[in-house]
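Protein sequences appear in the order of chains R and S.
The numbering of the first sequence is UniProt numbering, which starts it at 1 and goes up by one.
The numbering of the second sequence is UniProt numbering, which starts it at 1 and goes up by one.
No lab work stands behind these hints: they were computed from the structure.
In this text the structure is predicted, and so the values were computed from the model without any measurement.
We treat Cβ as the ideally placed atom computed from N, Cα and C, and that holds for glycine.
A few chain S positions that, by computed beta-carbon distances, are all more than 12 Å from chain R: (1) N9; (2) L119; (3) I264.
With a cut-off of at most 30 Å between alpha-carbon atoms, the simulated DSS-like pairs for lysine-lysine come out as follows: (4) S:K138 <-> S:K301; (5) S:K7 <-> S:K29; (6) R:K140 <-> S:K138; (7) S:K140 <-> R:K138; (8) S:K140 <-> R:K140; (9) S:K267 <-> R:K29; (10) R:K156 <-> S:K29; (11) R:K338 <-> S:K33; (12) S:K29 <-> R:K267.
Number of protein chains: 2
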Amino acid sequence: MSDIEDKKNSLIEKMGSEIITLAHGSGGKAMQKLIDQVILGFFGQPNQGPLEDQAIFDLSAYPNHSIALTTDSYVVTPLQFPGSSIGHLAVNGTVNDISVSGAIPLYLTCGLILEEGLLFKELIEVIADMAEAAEQAKVKIVTGDTKVVDRGSCDKLFINTAGVGVVNNSLNIRIPNIEVGDKVIINGDIGDHGVAILAARGELDLQTTITSDCQPLNGLIQTLLAEGIPIKAMRDVTRGGLATVLNEYAQGVNLGVLIQEAQIPMKTEVRGVCEVLGLDPLYLANEGKLAAVVPAEYADKAVEIMSKHPAGQNSCIVAEIVEDHAGRVVMQSDFGGKRVVDMLVGEQLPRIC
Amino acid sequence: MSDIEDKKNSLIEKMGSEIITLAHGSGGKAMQKLIDQVILGFFGQPNQGPLEDQAIFDLSAYPNHSIALTTDSYVVTPLQFPGSSIGHLAVNGTVNDISVSGAIPLYLTCGLILEEGLLFKELIEVIADMAEAAEQAKVKIVTGDTKVVDRGSCDKLFINTAGVGVVNNSLNIRIPNIEVGDKVIINGDIGDHGVAILAARGELDLQTTITSDCQPLNGLIQTLLAEGIPIKAMRDVTRGGLATVLNEYAQGVNLGVLIQEAQIPMKTEVRGVCEVLGLDPLYLANEGKLAAVVPAEYADKAVEIMSKHPAGQNSCIVAEIVEDHAGRVVMQSDFGGKRVVDMLVGEQLPRIC
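Looking at chain R on its own, in the form it has when it is part of the complex (with noise of 0.2 Å):
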């Protein structure tokens, strides 16, 4: 049993009970109590004496370096589901937001709001995830904040972490980048995050084995740019999935792109799903995913690199930038058709991140 397992199974032992009052959000004794035994008792303490409001870290290992910063709010429901938690996905959502500039993710900050009459142990449980996915990302969680509101005022919890990290001044990884003949590369199966948090609501008679697929992205990108692919525009593939992606690439360059249906990569139980529920695996949320787009002639070795990282399994080309259908992406289906992949326009699964 890892460190972090066994802090956690014993901190719920000795408090996992007790609930969350305004007190704990209030700036004083409850608080301190709070952020000492859970926060400080997972994430360690930045500095030495007493904790300061804000951390401070030296970045002169980097010359050359540029900063790259980022935010992400996290009100998924619920707190945990299949293959992983709010507490993970905090965590992995910011670095892989950070990672796809190209930059190495280092620092992450932490607010969490809380709902009164939260229990303690379901405090604990997200920390201690959020500890275990930072020590999995290699960034360290370095300064926080706890917020309490009121009974009904707040859906339990939500975290928000911000994101640093330290970007090389000779990558530019940006979509202007773009251009015809470019191939799309995807590091594996699209959609067992949105499938994962539909089947935990419980709302649906939806019995599946599907968990998401929530990963840190940093160490597969610096692999890639370790290898030499000149990667030219990178997202991770979050909410609004995969087609929002593709077109903000081809909207940002106004290009087609061209998505052959048979190359999607997708688990036969995802895409029953889909099929059972009317939803379109386009469009469903990822968290360990992304799609970077790579030269034509760096798209086979990108795919063999990406395949033998443990992010990577089942790594394709997915699409490629065309002249044709500018600023639209379009799928050519298995049986020969084409139809346009627009962008999401309603709410396909709300608070799925």
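Assemble the complex: chain R is given as a structure, and chain S must be docked to it using the hints.
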């Protein structure tokens, strides 16, 4: 009328009566419109071309500096209150958390959690206030995220901001530096923010002209440093009030802190409200106050410099560090008696920031 005010009014006229739906958080078309028209309309776009998920900036103009990173979530209710709003607060609060380390705040993130059904008017007012506060504090809001939760799952609107600043490596403003004889200086009247919020809630039949003291402190702090004041430790005085900060000092170095009640700067009206409602002004929240610890021989000069700054009217020495009652804050009353001022135990006023 300022540029921001103009933009706000024309946008409210155009779309103020629309409401936020779950689709505004879906990653699709509605969200794109919200970001383009409301968010980027006020914050500007950090990069040319399509929007990226992370902001990249170069800090090579700051050699011999480290990075300061902080975060705060804002859940204050109501969203608008006398003298300020959650939008001003979300910028100034984070600017101040960065600044009290001696760092120059540069970049902010903005994470929004919106409740389905929120009026666009309410959102636009808050975003315009954030833009106004950022302009005043000379920081840029460079990256963000928007989530929408179903009606009843949050109370209108929560904001998280994270801040990045640069701090000169020659500075070392930290609690362990505090020594016996040092003076604690505050930059003006305490309790205004707490009383303004209390009045704005309308639950009590409280008529007051007090407005929130919400303001950025970076200009004041940089002036003190530029004038050569060797600040030893510094905190902004927010939730938990002056009592909390002084207790953090006392406990942090295991020395005593002695307050002279007669020296506490406070408006007569705030004193009156406290007497009527049985509140202790030492625990009332502030949003534009700092408590700086300086060597005794610099105290008068520091007060003089601060008093000349717009953010430091009514600055004064409020306490001193003593050997007695180690780890505790004691107040010498106007009538000669002494009482211990402990950390806040319960919750005096929830959702104050």
